[in-house]
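**Q** Note that the protein sequences, when read in sequence, are chains V and W.
Quick note on numbering: our numbering labels position 46 of the first sequence as 46, and the sequence is numbered without any gaps.
Quick note on numbering: our numbering labels position 130 of the second sequence as 130, and the sequence is numbered without any gaps.
For the record, the hints were derived by calculation from the structure and aren't laboratory data.
What you are looking at is a predicted structure, and each value in this text was computed from that prediction instead of being measured.
Ideal Cβ placement from N, Cα and C applies to all residues, glycine included.
There's no promise every hint is true.
Reference listing, derived: stretches of chain W covered by chain V, where coverage requires no fewer than 3 residues with Cβ under 8 Å from a Cβ of chain V [claimed, not checked]:
#, region
1, 46-59
2, 197-205
3, 241-254
One letter stands for each residue in the lines below.
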Amino acid sequence: MSRLPQVIGRACVILALLAQTALAQAIPYQRPVDTAPQADSIGGGYKVPAVQKPLPRDYWLQVLDVVALAAAMGISVWLVLKRRSRKWLTALTIGSLAYFGFYREGCICPIGSLQNVVVALADPKYSIPMVVTATFVLPLVVALYFGRAFCGGVCALGAIQELVVLKPVQVPRRLDRALGLLKYVYLGLAILFAVKPALARDFLICRFDPFVGFFRRTGAPHMLILGGAFLVVGMFVGRPYCRYLCPYGGLLAWCTRLARRGVTITPNKELDCGLCAGACPYGAIERMRAVRRNCLYCARCYAYCPRERGVAS
Amino acid sequence: MRSIARTGSLIAGSLVVLLVAILLMDYALASRQPFASRPAAEQKRVTAARLARKARDNAVAWALIAAAAAFLTFAKELVKQEKPSMPVGCGRSATRGSRADGGVHPTLPELDLAFVEQMVAKIGRGKEAGIPLLQAIQNHYRYLPDEALRRVCELTEITPAEIAGTSSFYGQFRRSPVGEHIVRVCHGTACHVSGARQITEELRRYLAIPDGEDTDAARMFTLDEVACLGCCSLAPVLMVDGHTAGKLTPATACEALKVTA
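Just chain V, with the same shape it has in the complex:
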């Protein structure tokens, strides 16, 4: 069977990503600030206070974040595909949660960057820095070649759910599929609200991000409660947000269909024992074969495999 369609597909996706990079970067612009009411128009002896502008993060630090993102994905691919080590992947997951989650407060977020990219494409007055574009593009490109390495051990939202998985139940296959469609609905809604004109625009994904409140240790009470509910449910249903709601996960799943490599259940030495399928909390092993578009790179199948334990630990 020829690999050609896959190669062409990957090339098309990469071209599309490059094109959006070029388009979204279009123009630097100045935000008009003279529309705010001035001291004269307010009257009554009002004094304009000294403007307090929080300094943006240094540019080199932003670049460093992107480099850290790329490096974390590289390590994730290496740990899962080469070392097949769940132990080290868990270490990476905790590290990512600490850095991208609690230190950067959930703001190296390819999931949210989706909306910025959409707005930059739709609105000629809105442009995004290269850092945001890179944040959006990198995980998709990695998914084109290796599958959803971003989801395993890198994404802070995934990491917090990955670490709370306690005693996962297997969601019935049909229910799993049906709920999985929700994320495309959410993706559509997020795009719909992002392309509205500037004043009506809303970034749904960020507004209804259930876990960012934990990273910042503050937030709207209803979102904190919702996030807590997600985590409690996540103890028994593996990573519910990732599987059923994450819009970026939908994009990654599409890219993963073209992937060159991915998590495989070693065909040559398998026992048909089904331990891996029983261990996978995400329903990503069907008929003893890994389904790459659902695979969240957690390496549990390797950790539970009697044939793998002797090989790499």
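With the hints as your guide, set chain W onto chain V.
**A** Only chain W this time, still in chain V's reference frame:
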């Protein structure tokens, strides 16, 4: 180790609940005070109270995160030790043997040999009656019980050597009792290529049939490897009594046995 994990998860769990309660109470208390237009001094005081609450909640939140992490660590330890060591592919394979009538080795019912005598009277006592007699006995008892064969030798001219030779030569005769249901797993070319061996292995594991035997301890199922069931397009195929199940996987093969239940 286990008791440590249990106590640890209990303590950490109640700590989580307590901290969540503190945060909720703090929120409820704070939101009871309306923030309307007030004199500057009052506003300063309210702002200071808000900042203090923010710092306090932040500290409690860190403690909550730490407690939740501790709880999860302990709870995972608890869950890990509870995990069964059997594969979960087909579910209840471990409890399988106790299904029929409780005992692992149910005793066979006492044979009623009157049937043998009837058949001998009907078919004949010559050597040529051997195969028809064996067929009739197999039809009646579903296998060839040793007692029945001995009775045949007593009643007819057929020698034990001839019976042993005939009954071991033809594939249709069997000398050991069968289960209630016969599972014929096709091992023809198409089924072999599409994994009949894995299906058989999975069924043996599921029914807990020891090597060298073909019937499970509860005498519910007898596994039979047959040459071809004649529906290669459905490979891999098995038949349970009259039912045919095709396009099997190790998991659906175990499901297929349940049609008899």
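**Q** Against each hint, give a clear statement of whether it holds in the structure.
**A** Results for each hint:
1. Given as covered by chain V, the region 46-59 of chain W passes the check, having 3 residues with a CB less than 8 Å from a CB of that chain where 3 are the minimum.
2. For the region 197-205 of chain W, the assignment as covered by chain V holds, since 3 residues bring a beta-carbon within under 8 Å of that chain's beta-carbons and 3 suffice.
3. Counting residues of the region 241-254 of chain W whose CB lies closer than 8 Å to any CB of chain V gives 3, which reaches the minimum of 3, so the coverage claim holds.
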